[in-house]
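If you follow the hints, you should be able to join the two separate chains into one complex; please do so.
Line by line, the protein sequences are chains A and B.
Heads up: the first sequence begins at 0 in numbering that gives the first Met the number 0, then just goes up one per residue.
Heads up: the second sequence begins at 0 in numbering that gives the first Met the number 0, then just goes up one per residue.
Quick caveat, the hints were computed from the structure, so don't treat them as lab data.
No false leads were slipped in.
Derived DSS-like pairs: lysine-lysine, alpha-carbon spacing no greater than 25 Å straight-line:
#1 A:K94 with A:K78
#2 B:K197 with A:K138
#3 B:K93 with B:K197
#4 B:K93 with B:K206
#5 B:K93 with A:K138
#6 A:K138 with A:K94
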Amino acid sequence: MRSLLPLLLLALSAPALADITITDAWARATPPGARTAAVYFTVVNDGEAPDALVGAATEASDLAELHTHVHADGMMQMKQVPAIDVPAGGEAVLKPHGDHLMLVGLHGALAPGESLELTLSFEHHAQVTVSVPIRDARKP
Amino acid sequence: MKPAGIAAIVFVGLLAFGLGAWWAVTSSQPDLEMAGSGYVLPEPRDLPAFELVDGQGVAFSQTDFQGHWSVLYFGFTYCPDVCPAALAVMAQVKQQLDGDEDLDDRYYLVSVDPARDTPVRLTEYVTYFDPEFLGLTGEFDQLDRLTRAAGAVYKVPDAPEDDNYLVAHSSTLTLIDPAGRVHAIFTSPFDPNVIADKLGALMRNWKAD
Ligand SMILES: [Cu+2]
Numbered sequence: 000m001r002s003l004l005p006l007l008l009l010a011l012s013a014p015a016l017a018d019i020t021i022t023d024a025w026a027r028a029t030p031p032g033a034r035t036a037a038v039y040f041t042v043v044n045d046g047e048a049p050d051a052l053v054g055a056a057t058e059a060s061d062l063a064e065l066h067t068h069v070h071a072d073g074m075m076q077m078k079q080v081p082a083i084d085v086p087a088g089g090e091a092v093l094k095p096h097g098d099h100l101m102l103v104g105l106h107g108a109l110a111p112g113e114s115l116e117l118t119l120s121f122e123h124h125a126q127v128t129v130s131v132p133i134r135d136a137r138k139p
Numbered sequence: 000m001k002p003a004g005i006a007a008i009v010f011v012g013l014l015a016f017g018l019g020a021w022w023a024v025t026s027s028q029p030d031l032e033m034a035g036s037g038y039v040l041p042e043p044r045d046l047p048a049f050e051l052v053d054g055q056g057v058a059f060s061q062t063d064f065q066g067h068w069s070v071l072y073f074g075f076t077y078c079p080d081v082c083p084a085a086l087a088v089m090a091q092v093k094q095q096l097d098g099d100e101d102l103d104d105r106y107y108l109v110s111v112d113p114a115r116d117t118p119v120r121l122t123e124y125v126t127y128f129d130p131e132f133l134g135l136t137g138e139f140d141q142l143d144r145l146t147r148a149a150g151a152v153y154k155v156p157d158a159p160e161d162d163n164y165l166v167a168h169s170s171t172l173t174l175i176d177p178a179g180r181v182h183a184i185f186t187s188p189f190d191p192n193v194i195a196d197k198l199g200a201l202m203r204n205w206k207a208d
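Just chain B, same shape as in the assembly (with noise of 0.2 Å):
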């Protein structure tokens, strides 16, 4: 097995015990939980650092985060169905705030099929569905030190017969705050409506600290 396809099983461990943990603390605490469509972490989590590439190919680290809101999805554009419709939902939710002028937001598909996805390539795909979307990738170490930061979890054949495999992801929107920290988790089926509300709220609350 890939180190990848180990990391993607320590990840879902950790996904399972973060979500646990997070649920202890937002079911005593109403105001940070969701409705039923995320969860705010009680405590902003820091990035730890990594390396990977934008949609022009230009290197990106954790601080490229640092200075406006960021809203990732993980998923791969061989995918017909679940992501498609996830950044369609992310397209509606950025046109519902792109009325607010004093928010910084910037919204990016994280490829976790690096073998297939590469920048040119997710930039053709992201900006269909929005031309200001951006588009992050990498090698498999990097990818693993930023999904498991943002809680998210994917797993890509260790040995593909041919281009045609699939890859398993989990479908979550990850909000970062301008500090370059984890702030909040959204978790499907997602709600544009419910989601804009949220983040708009959350956003415009924030103060730095």
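So that you can see chain A by itself, here it is in the shape it has in the complex (with noise of 0.2 Å):
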């Protein structure tokens, strides 16, 4: 019991709060000359209060923009969203033909092996800052 107590103390000094983690994150490469690219990540969120990514921001492009994909009438479509939902105890996954961050006026092209560094914000928690590896993506 006694081992516990620092743990309890801490427990209770901490108040419910998001827990923000990034995993699994990466950017695919870019075609030369293109002006788009995609970055995809995992927010896992370990803490008692649900989160929500809100805004990222990189040098790599003019803007980077949260974006979903909709199926309708036969379509994909991609649609910019204010926000990114991050349950409390759960994550919020960013994949290809999902949800993902969309760099729109990239200033080079992506190369494989380098990586570009990433500024997210989020409702709650303090900016997160990821490096962010690119990956060429044309294999499987």
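Structure follows, in structure tokens:
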């Protein structure tokens, strides 16, 4: 019992907050001349409160927009969304053909083996900066 | 609404009707149905007359599809997610069929975004996925003739605010036979191994009539 006390005190002192980590981040390497690119990652929330990804920024492009894919009328359509929810104790998965971060107005080609710096903003949690490896996705 | 917008809506109806019709036929003839990966048309469909441009800026009409097999993907180069994934699949399919010397198969990205996708830009883009990939594009009214016959749909915004607009499009691979007729349509999600198998079989078993 004595050994649990410090943990208990720690838990009591911590307010119910989102506890955010970013995993599995990667960006699709771009064809020459590309003006757009897609970035994928998983937002893991180990906290007791829900949060939401509300923005992103990188020096690799003019804009970094949160996008989802809408399937309607036999078409795939990308739509910008203001936020992507990250439930308490859950995760938000950004992946090909689903939610993704779209870089618009690329400043240069994204070359495989390199990485880009990405700053993510949340509704509650402090900003998180991640280094995103760039991957050649032409091969399975 | 621009003609392209109205046309796109009409196409949606046609596509829905078309898919239903194919399904009705293919489901009663299992050999025509490709296990959820797509559909072989019960009767190959002639292409209407159209005038597009290829990746060199040279005029390209429906008769230019004759004499070889063609696999078409409809998309746009500003597409960062769906299109690169589809073109990567198309490249894997091509590589799997490259060993068969008897097949004359060509692969095209048809851009439905001619305002941004110039022939030069298209060629730069497609050859990243395979050096032999080809680009096609053209005016909306001409593109519409091909997409309608090929079972593809798309929608370009009528009056985009800037150059960063998004294009909605179907994600299918259309097979055109050496007679220049729509022969089969592969639907996503794509499995390159399955598509290469089916495509190879369709091409090898085909007989001109
Ligand atoms: Cu997007």
